[in-house]
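Colleague: Assemble the whole structure, with the sequences as input and the hints as a guide.
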Amino acid sequence: MQAFTRHIHPGWLIIAPLMLMVIALYLGPILNILWLSVTDPEPGLSNYAKLAESDALIRIVWTTVRICIITTMFSVTLGYSIAYAMVHCHQRQKNYMLTLLLVSFWISILVRTFSWLMLLGRKGLVNGTLENIGLIAEPIAFMRNELGVLIGMVHYMIPYAVLPLLVSMQSLDTRVMDASRNLGASSTQTFWRIYLPLTLPGLVASTLLVFILSLGFYVTPAVLGGGKVLMVAEYISVQLLVTLKWGTAAMLAAIMLTGVLAMLWIMSRFMKLSTVFGGAAR
Amino acid sequence: MADLADTGSLQVRNVSKLFGTFRAVNNISLDIQKGEFLTLLGPSGSGKTTLLMMIAGFLDISEGDIALDGSSIAQTPAEKRNFGMVFQGYALFPHMSVRDNIGYALSVRKRPTSEIRARVDEMLELVQLQDFADRKPGQLSGGQQQRVALARALCFAPPVLLLDEPLGALDKKLRVEVQEQLKDIHRRVGTTFIYVTHDQEEALSMSDRIVIMRDGAIEQIGTPQELYEQPVNQFTASFLGKSNFIQQDGKTYALRPEKIDLRKGAGHAEARTSGVVRSITYFGSMQRVIVDASDGTEIEVDIDVWRNSEALNEGDTVDLLWKDEAAVELQTG
Amino acid sequence: MHDRQFKKEMLQDSAQAYKKGRMDRRTFLALCGASGVAMSAVMAGDAEAAADHVVMWNWGGQSEECHGSAIGDAFTAKTGKGLKFDTSGPLEGKIKEMVDSGNVTADVADADLFNAVSLGPTGHLEPIDYSVVSKEKTLPGYALEYGVSIILYGYAFVYDTEAYGDNPPQNWADFFDTAKFPGMRSLYKWANGSLEAALMADGVAGDALYPLDMDRALAKIKSIKDNSLYWGSGSEAHSMVVNGEVSLGMVWQNRGRNIENDTDGRYKLVNNQAMAMPGAYIVPKGNPAGAAVMDFIATAQEVPAQLALLDCLGMTPSNPEAFGQIPEDQQPYAITSAMNIDKIVYNDPDWWGKNGGDAVNAFLEAIS
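Residue numbers (the UniProt record's numbering), protein chains in the order written: chain A, 1 to 282; chain B, 1 to 333; chain C, 1 to 368.
Derived from the structure by calculation, the hints contain no laboratory data.
Ideal placement from N, C-alpha and C gives every residue a C-beta, glycine not left out.
Hints may contain errors.
[Stated by the list, open to error] Calculated cross-link-like contacts (lysine-lysine; reagent style PhoX-like; alpha-carbon spacing at most 25 Å):
id : chain 1 : residue 1 : chain 2 : residue 2
1  : A       : 50        : C       : 354
2  : C       : 180       : A       : 228
3  : A       : 123       : C       : 225
[Stated by the list, open to error] Example chain B residues on the side facing chain A (calculated, C-beta under 7 Å, incomplete):
id : residue
4  : 78
5  : 79
6  : 85
7  : 87
8  : 104
9  : 105
10 : 108
11 : 109
12 : 283
Modeller: Structure follows, in structure tokens:
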């Protein structure tokens, strides 16, 4: 007992109940999902075997990964430009931009999704205008396909991409950029050799955030994809609510969880993750 | 060191900087010799950093012109001026090693790797950091970071080195040490140093010449000795060292505390004034005595402890003596 | 399971003790905490004793109002009990989860009859008490052990009269014929109705659909995939048509009238070969109001309730007594009206209850 108390700081005892609660409330359901994935409908790895057997499942996973990667690339690139502009413009314009950014957070995803239909749909504003001025004969299929899903998702994700980048850029010591110029570096050189590496933690944070959030996308692909772009999140929901194949749902959830953890692990090989999540850079 | 014989003089001509209607720098003219160690000294808000930033090219000049060796650089962007700079807080590149920091200027100029390597080694030796080449700035002490910043700024052999309060972040003991190193490096590289500080001791101990600034304008320019011995006005006199101000015949004179002779008792023939000792403060090498003079003013006197073995007590009556040349007549205002 | 049951009973006893003042609030809350049960859940369970109302689990929106006026008022008049709503949508997975968790808060779910086939035998539903509910007041085959059809809705289609004015599409074969009827079409995303339509288009007779030939149906679906959009909710189906995204749209027949109105008659409803879907009331196992809910279901079967549901929601009566009383202006949109009833085909809840999950997945995989 003495050895026990010697090695465990008494402070732990104070937070122990909370920690146990976190473990119970957070790890519990995750373990439950993992458990379900190997027990429902019967014990064994049959759910996972489906991944190998079913082309369709692989296709759904692949569609999801592909769309998430493209969404992340565009969101983060656009987000980077927006954050850059916000950091480098006047305070008034910056407040204005920040307000717009936050307002878009408050607009429901359904409203945003259907707004895109009104704007870019077959009979939408853009197609209507282009047809009226005679630029096109047939409406351009922006919506109800993968392009539509991407447009909707990138639009939704940009604010999420901007915020970590904004924090990262704002906390930069601007004198470092002055130093680079002073030492003879052109703006381009300064950007690639100083600015980008120093905002890399923000860039990684933004990428992870957007990618992981994209994996859970459901409404936008369902509506803007015209039913033809099936992503994992929607498929899981169908398995849970409609077809009652909870084992399949749990298996896919477990795969996604593993995928995200693997991604974090690979990232941690290249950089200290604590810097990404706001810890001190060393 | 690189040959800098022919370059490095700066001409500042009627330069002003306006922020809105506020004149942060007001019509300053200044000639800086090549190889000179020139200090811009002044309290915060005096415009010294603004002037330095205009020389560096980070701030546009509102009025006037700045020239290097006689040709204007007002339109040359910062990255083309080839001035080294040591920033306040150093502004080292945290993601690069010491070696890459120092070699940065050469690397962006696309110089061959071997040349960069050799030159960086040379700089590492100059600032005594040979063993730290592969560390990141975050792994160095404040003094070491300061030296990296210096080496980085000097690596491309700039004709002019600008230093913006480079010792501000160091503790006092280290600061004195680094002052010595800086002076030594200045001697060895022969580059023009323009040094901004609000610390009068730093300015006095390092500079060839000091420019005392206030409210965007120059109060006085001169060698440390000139400024100390011959302050032109009350501001200079009190900003650089301590000074008593004596009113006589409608004129004001500055009188340094160490130039006053204090005699115990009253009635000395050459006594300029007399008074009563109010307080004595012991500083080791000297004592500071505050005397309530008979005319109601307060006079500070610094006396060598060892030369005045005679015990002095608060409340003692004393006579104060000084030579004519010790009192410097000041411009009014 | 026994353990959970025990805890629940213990807490219900405590709840009564608490109400009578024998136990102080803190002791009661501590007990609740110890059993890991939220207090509200216990109180809801406590309603079993009082049962002064039944809770209907539906999809909210207009149906809340309509179910209240069409059934709730008559039910209250008859039994003195009230009607409350849970509008979170009784999907099969949610019913299963509610019953499995032991925290049943709904008495009757506005669901599909095939849910009764899949959830009944697994112990998630209460059997329908046919001494209170009538087997005669619904279509034959639609009064099952664990659920009874109260209304019918149908998979029909609308077409763009401007696109196909002179020679309009008549049946599912035309709907699937992209050569004769070019343009985009929309189908239901969760397979139901879409599979039957595909088979009929491929030449299978309406009364010989089941068991569904999945391969044949999916091949037909895939053949028009490039010209198809798929909707997941009634409002989505509606907007695809109204926004002109499709020239031929499969819709729930009860939306037909609104679509015709919203497009000023440009789109027209076709009820030929409409697939009648039995919407059913099912009772989650261990429902709080107990047997009282059977009175409610019986009330919903009555002709006035049936006609009110048609009027309010556009849902077609399933009680044959009501068929003849459908008002004239509603007849084109009610699939069991005299003008439509001979042209429609009937969904088999048994097949869907047993094969629905696999069918939905196969369909999703085919269209994605």
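Colleague: Hint by hint, note whether the structure agrees.
Modeller: Each hint tested on the structure:
Proximity of residue 50 of chain A to residue 354 of chain C is assessed by CA-CA distance (about 21 Å); at most 25 Å being required, the pair is judged to hold. Proposed proximity of residue 180 of chain C and residue 228 of chain A is supported: the alpha carbons are some 24 Å apart, at most 25 Å. Our distance criterion of 25 Å between C-alpha atoms is met by residue 123 of chain A and residue 225 of chain C, whose separation comes to about 21 Å. Look at residue 78 of chain B: its Cβ gets to within about 5 Å of chain A, closer than 7 Å, so that hint holds up.
Residue-level restraint check for residue 79 of chain B holds (minimum Cβ-Cβ distance to chain A is 4 Å; threshold 7 Å). Against a cut-off of 7 Å between C-beta atoms, the interface hint on residue 85 of chain B holds, since the closest Cβ of chain A lies about 5 Å away. At a threshold of 7 Å, the smallest CB-CB gap from residue 87 of chain B to chain A is about 5 Å, leaving the interface hint in force. Because the smallest distance between the Cβ of residue 104 of chain B and any Cβ of chain A comes to about 5 Å, under 7 Å, the interface hint for this residue holds.
A distance limit of 7 Å between C-beta atoms decides the matter here; for residue 105 of chain B the minimum to chain A is near 4 Å, and the interface restraint holds. With its C-beta approaching chain A no nearer than about 4 Å, residue 108 of chain B sits inside the 7 Å limit, and its interface hint holds. Of the supplied interface hints, the one on residue 109 of chain B holds, with its beta-carbon coming within about 6 Å of a beta-carbon of chain A, less than 7 Å. Hint status for residue 283 of chain B: violated, given a least beta-carbon distance of 38 Å to chain A, over 7 Å.
When held up to the earlier numbered hints, the structure conflicts with hint 12 and nothing else.
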